[in-house]
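The whole structure should be built from the sequences, with the hints applied where relevant.
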Amino acid sequence: MARLNPWRWPVLGLAGLYFLTPLAASVVFTLDVPGQGVTFDAYTQIFSTDGFGSSLLLSLELAVATIAVVLLLTVPAMVALRLGAPRLRPVVEVVCSLPLVVPPIAFVAGIGTVLKWGPEHLSRTPLFQTLVAIQNPGFPVVLVLAYVVMALPFVFRALDAGLRSVDVPTLVEAARSCGAGRRQALVRVVLPNLRGALLNASFLTLALVLGEFTVAQLLGFQPFAVWIVNVSGAQAQLSVAVSVLSLLVTWALLLVLAGFGGRTRTASRG
Amino acid sequence: MTVLDNTATTPEPATEAATVEFRRLRREFGPTVALDGLDLTVRPGELLALLGPSGCGKTTALRMLAGFEHPDSGEVLVDGDDVTRVPAHRRDAGMVFQSYSLFPHLDALDNVAFGLRMRKVRTAQRRSRAAELLDLVGLADKGARFPHQLSGGQQQRVALARALALRPRVLLLDEPLSALDAKVRLTLREEIRRLQQELGITTLFVTHDQEEALSMADRVAVMRAGRLEQCAAPAELYGRPATAFVAGFVGTTSRIPGRLDGASVEVLGRRLPVDGRIPAGAEVDVLVRPESVRVRAEDDGHARVVATSFLGAAVRITVRLADGAEVKADLPAHEAAELTAGAAVDVSLPDRPVLVTERTS
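Respectively, the protein sequence lines represent chains A and B. Using UniProt numbering, the letters of the first sequence correspond one by one to residues 1 to 270. Using UniProt numbering, the letters of the second sequence correspond one by one to residues 1 to 361.
Rather than coming from a laboratory, the hints here were simulated on the basis of the structure. Fair warning: there could be bad hints in the mix.
[Said to hold, decoys possible] These stretches of chain A come out as covered by chain B in the derived footprint (C-beta under 8 angstroms, 3 or more residues):
#1 165-172
#2 186-197
[Stated by the list, open to error] Listed below are the simulated SDA-like cross-link pairs for lysine to any residue, each with C-alpha atoms no more than 25 angstroms apart in a straight line:
#3 B:K142 with A:T170
#4 B:K120 with A:V187
#5 A:K116 with A:T130
#6 B:K120 with A:P192
#7 B:K120 with A:R183
#8 B:K120 with A:K116
#9 B:K120 with A:T130
#10 B:K183 with B:L166
#11 B:K328 with B:G342
#12 B:K120 with A:G181
#13 B:K120 with A:L191
#14 B:K142 with A:P192
#15 B:K183 with B:R122
#16 B:K120 with A:T170
#17 A:K116 with A:I105
#18 B:K328 with B:L272
#19 B:K120 with A:L186
#20 B:K120 with A:R182
#21 B:K142 with A:R188
#22 B:K142 with A:D167
In this text the structure is predicted, and so the values were computed from the model without any measurement. All C-beta atoms, glycine included, are put in the ideal place defined by N, C-alpha and C.
Spelled out as structure tokens, the structure:
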């Protein structure tokens with residue numbers, strides 16, 4: 001079928017050019033210092049620059065926490081939905097997609113307003129302490145909460161695709177007739193067959209959290225994306241080097257996850 | 001064709017075969033009544049087929065025994081114990097589903113061993129038991145295959161082995177053959193029956209295919225609109241259907257108008273005794289099987305051949321009688337040679353009691 005189309009290669013070439021040119025430009029910009037020739041200084045500098053380690057670690061911690069929370073929230077809910085009330089799926093889909101329509105600016109403005117209630121109205125209640133605690137700059141729980149909401153559309157879609165490719169009700173009944181309780185059926189039968197979907201959802205969430213800037217910046221925290229923007233003002237070359245590096249790291253993670261997913265056979269047939 | 005020789009691994013008979021009783025089961029799904037007071041007893045060690053058109057409640061009844069549906073009222077008894085409120089995973093019932101239900105992430109052996117793993121049987125023990133079961137269904141060499149590497153028939157065999165792994169007291173088969181192609185269906189049909197008889201396990205088999213039900217089951221329960229119409233051995237069900245519905249649903253039946261006169265009926269110019277219930281009105285239909293209708297070429301006959309269809313050993317001839325009723329008759333192929341569409345024929349019935357019912361048209 002593809003053989004019939006002689007336009008395949010030119011189109012692929014143009015698309016490749018379109019995507020690779022800016023990337024190549026970035027790489028050249030970081031390597032080729034005028035007057036010094038090719039040097040890796042920009043990359044070696046990254047590790048010695050203040051805040052690199054701490055901000056990257058914070059981002060990864062946030063990502064792990066977000067993935068854990070969002071999966072614990074959505075997986076049981078979606079399996080239950082599939083088993084108990086499949087007709088409610090469109091409703092849940094719309095609700096889960098809402099974060100896509102709300103711009104992050106509006107979202108963070110809302111969060112900011114709520115957080116200000118702390119000092120303004122709640123200073124004498126225990127809630128005030130809670131509000132302070134979730135804004136701890138060492139590990140801002142409020143960011144996790146925000147990211148969970150922002151990741152919902154992606155996680156929903158990934159899990160939904162996974163659930164559609166497996167006949168969940170029959171598998172659960174088969175497991176139950178083999179003597180498995182409800183929880184065992186979920187853990188031993190449903191989850192292993194959703195492995196690909198779970199990895200997809202995790203990866204999308206990871207990518208989202210690593211690259212998220214608006215919410216973190218406006219709430220005044222310093223995860224990785226915010227740190228990149230901050231250093232770019234002073235050291236342009238360094239910040240581009242970091243961007244290229246984070247792109248490569250993201251690709252590497254993607255490949256690792258794809259490797260994991262590829263080893264389980266696509267569970268759709270069967 | 002894989003007819004299997006499993007004499008080497010004759011399975012141990014199940015612990016005592018169980019009796020299953022449905023008592024006044026009732027279940028409604030919104031406005032539709034799936035079960036309308038079903039009473040049925042399955043005898044120990046027998047294969048009982050639940051037969052009926054789609055929506056007659058046969059699957060609902062099976063799922064109630066499995067524990068996946070719960071009755072609005074009535075009870076399910078296994079060996080006299082009420083299991084209505086026992087959760088599905090403690091029911092001691094193995095089930096084979098209509099759609100392929102093997103766990104896609106496990107190979108055939110692990111699929112069969114799944115139930116044993118849930119029971120915390122030790123690894124070595126459960127693997128040897130699973131291998132034994134795979135051997136029983138003739139797939140000893142396919143243990144390492146994943147479900148998507150197996151054909152439909154092989155998948156259903158593995159599913160059967162999985163259902164038997166925990167030595168259940170009842171085996172439930174929910175149209176296990178309907179997704180398979182005709183030839184595989186026939187071999188698997190024989191094999192399920194053979195296994196069931198060897199193990200002596202009480203089995204409930206849901207099907208909408210009357211041929212399947214008649215050829216496999218010890219007894220067939222015909223259901224209609226959530227109720228039991230008749231439960232009898234296949235020969236009796238076919239030869240002496242209790243109701244017009246059973247007569248029409250099991251096998252082919254034609255209706256010939258007749259006139260009731262006491263305990264006999266006048267039909268096709270002769271008087272025949274009535275079998276079974278005698279309806280109230282005088283105008284009745286006589287129900288006849290195609291193999292008991294005789295058709296002879298007769299130049300001054302009042303009936304005309306409308307159509308013929310070749311069935312192999314026999315030819316099915318559709319004849320229109322003088323009064324417009326159509327009758328189907330099976331004739332040996334050599335007798336039917338001269339009977340082409342339009343031929344004048346004479347139709348008669350053998351001198352045996354016949355089943356009659358109120359005229360419907």
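Now the hints, each set against the structure:
1. 165-172: holds (count 4)
2. 186-197: Held - the segment 186-197 of chain A has 5 residues with a Cβ nearer than 8 angstroms to chain B, which meets the minimum of three.
3. B:K142 with A:T170: Given pair K142 (chain B), T170 (chain A) holds - Cα atoms ~23 angstroms apart, limit 25 angstroms.
4. B:K120 with A:V187: holds (16 angstroms)
5. A:K116 with A:T130: holds (13 angstroms)
6. B:K120 with A:P192: holds (19 angstroms)
7. B:K120 with A:R183: holds (16 angstroms)
8. B:K120 with A:K116: violated (54 angstroms)
9. B:K120 with A:T130: Not OK: K120 (chain B) and T130 (chain A) at ~45 angstroms, beyond 25 angstroms, violated.
10. B:K183 with B:L166: violated (29 angstroms)
11. B:K328 with B:G342: holds (15 angstroms)
12. B:K120 with A:G181: Within the cut-off at roughly 13 angstroms; holds.
13. B:K120 with A:L191: holds (20 angstroms)
14. B:K142 with A:P192: Measuring from Cα to Cα gives roughly 22 angstroms; hence the hint holds.
15. B:K183 with B:R122: Not satisfied, since the Cα-Cα distance of roughly 39 angstroms exceeds 25 angstroms.
16. B:K120 with A:T170: Within the cut-off at roughly 23 angstroms; holds.
17. A:K116 with A:I105: holds (16 angstroms)
18. B:K328 with B:L272: holds (19 angstroms)
19. B:K120 with A:L186: holds (17 angstroms)
20. B:K120 with A:R182: The hint holds at about 16 angstroms.
21. B:K142 with A:R188: Measuring from Cα to Cα gives roughly 22 angstroms; hence the hint holds.
22. B:K142 with A:D167: Holds, because 23 angstroms separates the two Cα atoms, which is no more than 25 angstroms.
Comparing the model with each earlier hint shows violations of hints 8, 9, 10, 15; every other hint is respected.
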